[in-house]
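A.B. asks: Below are the chains, spelled out letter by letter.
Protein chains: 2
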Amino acid sequence: MATPSYRNAKNVGHVMIGQGAIAQLGEVLAPLRAKGGPAVWFFDHFFAHNDLPKRVPVVEGDVVIFVDTSEEPTTDGIDAYTDQVRKELAGAMPCALLAFGGGATMDTCKCVGNLLTNPGKAEDYQGWELVKNPAPYKIGCPTLSGTGSESSRTGVLCNEAKNLKLGMNSDFTMFEQLVLDPDLSVTVPREQYFFTGIDTYMHCFESLSGSYRNVVVDALAEKALDLSRHVFLSGDMMAEENREKLMIASYLGGLAAGFVGVVHPLSAGLSMVLHMHHGIANCYALSVLEDIYPVQYREVMDMMQKQGVSLKKGICANLTDEQYQQLYDASIVHEKPLTNALGPDYRKVLTPENVIARFKRM
Amino acid sequence: MATPSYRNAKNVGHVMIGQGAIAQLGEVLAPLRAKGGPAVWFFDHFFAHNDLPKRVPVVEGDVVIFVDTSEEPTTDGIDAYTDQVRKELAGAMPCALLAFGGGATMDTCKCVGNLLTNPGKAEDYQGWELVKNPAPYKIGCPTLSGTGSESSRTGVLCNEAKNLKLGMNSDFTMFEQLVLDPDLSVTVPREQYFFTGIDTYMHCFESLSGSYRNVVVDALAEKALDLSRHVFLSGDMMAEENREKLMIASYLGGLAAGFVGVVHPLSAGLSMVLHMHHGIANCYALSVLEDIYPVQYREVMDMMQKQGVSLKKGICANLTDEQYQQLYDASIVHEKPLTNALGPDYRKVLTPENVIARFKRM
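Chains A and B, in that order, are what the protein sequence lines are. If you use numbering that gives the first Met the number 0, the first sequence corresponds to residues 0 to 361, in order. If you use numbering that gives the first Met the number 0, the second sequence corresponds to residues 0 to 361, in order.
To be clear, the hints were calculated from the coordinates, so they are not data collected in a lab. All C-beta atoms, glycine included, are put in the ideal place defined by N, C-alpha and C. Among these hints, one or two may not hold up.
[As the list claims (entries may be wrong)] Think about it this way: if two alpha-carbon atoms lie no more than 20 Å apart in a straight line, the pair counts; the simulated EDC-like pairs of lysine to aspartate or glutamate are: (1) A:Lys120 / A:Asp82; (2) B:Lys305 / B:Asp235; (3) A:Lys9 / B:Glu175; (4) A:Lys311 / A:Asp301; (5) B:Lys9 / A:Asp170; (6) B:Lys9 / A:Glu26; (7) A:Lys9 / B:Asp170; (8) A:Lys9 / A:Glu128.
[To be verified] Take a look, some chain A residues computed to stay more than 12 Å from chain B by CB distance: (9) Asn10; (10) Val58; (11) Gly60; (12) Val63; (13) Lys120; (14) Asn168; (15) Gln191; (16) Glu243; (17) Lys311; (18) Gly313; (19) Leu318.
Please construct the entire structure, taking both the sequences and the accompanying hints into account.
C.D. replies: Below is the structure:
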């Protein structure tokens, strides 16, 4: 028997954790500044009207970008941000890129980073191991927990022309440093906190239900699931202690990022066709997968009730046949997770009729 | 209130996990070899009569050291290994250091690494943040699970002249790469497997019982404890699946390394005065701490019974008064863990009479 080829998993280099930790950002930046070059700051556009950008050590000559996160990041959007950053840098190589936001902002920072040191366009790097040159040093400061983008090796982008949601999967996509400060998530609206936060639960249970596994990934995913359950089944999911727990769950869940299952492909379809955010799209997907994931379906419905959040019905009720076909196509294309969940014959279960009927029930 | 100063925790850079993963070591080494310089290989002396050194990609010009692990590493021992390595390197800087063994071999590799790039002797670096220059790239391949040395930032040394067991605590002490191959632990004798393996349980429960905590450390420590319990309360602790679980537990436990409690200081006393190995010394320590840790005392006694291992009684029965005093001194000096477990007034509980009576009961 040939020895299997194991992946050499990269970890996030440094992690600083604690309430108010963001105050130590200057200290973290100092050795990078010493090497020269401006810093590039990516803030979720929400922070344009918030004091956060004034509380962090931005200096003259730095580049500040407010990322429009009303929709999921797109390949075209990344190309535009890259052009903007390049222009403002005027030939300088940045000492660091920093991201303050949720998955959309962090993925934008991660993908722009890759394009600053690699030629071509964002879509050239959608896939696995396509990035050739190391990106500038990146620091992630999540302000919204759940996606695991802070610790994962992907930056997920919607490619409109190809009707494809796919990440830049590469060790170079990862952050080198994280600052996990639960104070940063205090201003998140409740529904957004829930729908983004539950993403950790989703990708961890999908990884644990699949056939591609390893003991470390399982251990991290189980712990992330425990923490998520604790947060969403407790009285106030946004209590300070719970915001810290969810931040850690998201971080561990991102490190555990293995293969997902049926939720994520259907969710990708919704993001592509209806421009829906990943977290809420996951919840819609699970809401019509009660036959495949009965236990998790019940648990997430309980969590939603407990936290007083709900899904509006009928979101896919009146689409055109072409749109239903697009939903199907943008879902079924995700071979790896679907095989992980249902085996190689997944198309026998997930026929176009079966999948489209599920979308119509949402 | 001033913002507290949080530690910026470093992670091990890369981790490869799986049965037979050691076969990919050549692949891992290739980019390091490309930069030039020989590799330095540290093997536990057990492997001098085993085929492992022939199964790994040692090439001409590399330095191979067999580490005598009959006793815990000492500052004098590290100085001697450093001289030997320096002499064999004849002025070259190594492309990598590699360690195959348990905590003693890995700590030897870690400490010699620091001394290859920092002047002076091993004892100059016992403490916190004393190492100034980065060590050469280090690859850890544990063959014995439990100590967490593979993922911790310390290399623990006995300083005979100072009657002090203390580590070189530094980010530079850490491995950059780990290869966790459960096949490597198949030849470990059962008693050694148990006494070393249980170290993870010990430092994780002590960290979780203490007052210095954070949510990530807790999460990792809890998971490591779960895995340890599973391994030692199951039928055959050395079944292949259990060897993999224990290897992961040890890795997570090392990452979680926080502050320990009363077990480790008493254990340090035994290592200093009786030259006892850390793992079994921990078990002796817990065996006389049933009043402080009743639950863990019971659980470990159950595990020992289940796995058919036992502690010989009377190991400290006939020592001199001077030796009892040395045992006390080498234990009580560990202020941080003792404060963590019992608060600042720990000396009121752990008087010389109290502690010496405990040693006499072992």
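A.B. asks: Could you run down the list of hints and mark each one as holding or not?
C.D. replies: These are the hints, each one checked on the structure:
1. A:Lys120 / A:Asp82: 10 Å, holds
2. B:Lys305 / B:Asp235: 9 Å, holds
3. A:Lys9 / B:Glu175: Between Lys9 of chain A and Glu175 of chain B the Cα gap is close to 10 Å, so the pair holds against 20 Å.
4. A:Lys311 / A:Asp301: With a Cα-Cα distance of about 16 Å, the restraint between Lys311 of chain A and Asp301 of chain A holds, given a limit of 20 Å.
5. B:Lys9 / A:Asp170: Holds, at about 17 Å.
6. B:Lys9 / A:Glu26: 15 Å, holds
7. A:Lys9 / B:Asp170: OK: Lys9 of chain A and Asp170 of chain B at ~17 Å, within 20 Å.
8. A:Lys9 / A:Glu128: The given pair, whose Cα atoms are some 13 Å apart, holds under the 20 Å limit.
9. Asn10: 4 Å, violated
10. Val58: 20 Å, holds
11. Gly60: 25 Å, holds
12. Val63: Its Cβ never comes within 12 Å of chain B, the nearest being 24 Å, so this holds.
13. Lys120: 28 Å, holds
14. Asn168: Consistent with the label, Asn168 of chain A stays out of reach of chain B, its closest Cβ about 16 Å off (over 12 Å).
15. Gln191: About 22 Å separates Gln191 of chain A from the closest Cβ of chain B, which puts it past 12 Å; holds.
16. Glu243: Glu243 of chain A not clear of chain B: closest Cβ-Cβ about 5 Å, inside 12 Å.
17. Lys311: 34 Å, holds
18. Gly313: 39 Å, holds
19. Leu318: 42 Å, holds
Hint violations for this structure: numbers 9 and 16, all remaining hints satisfied.
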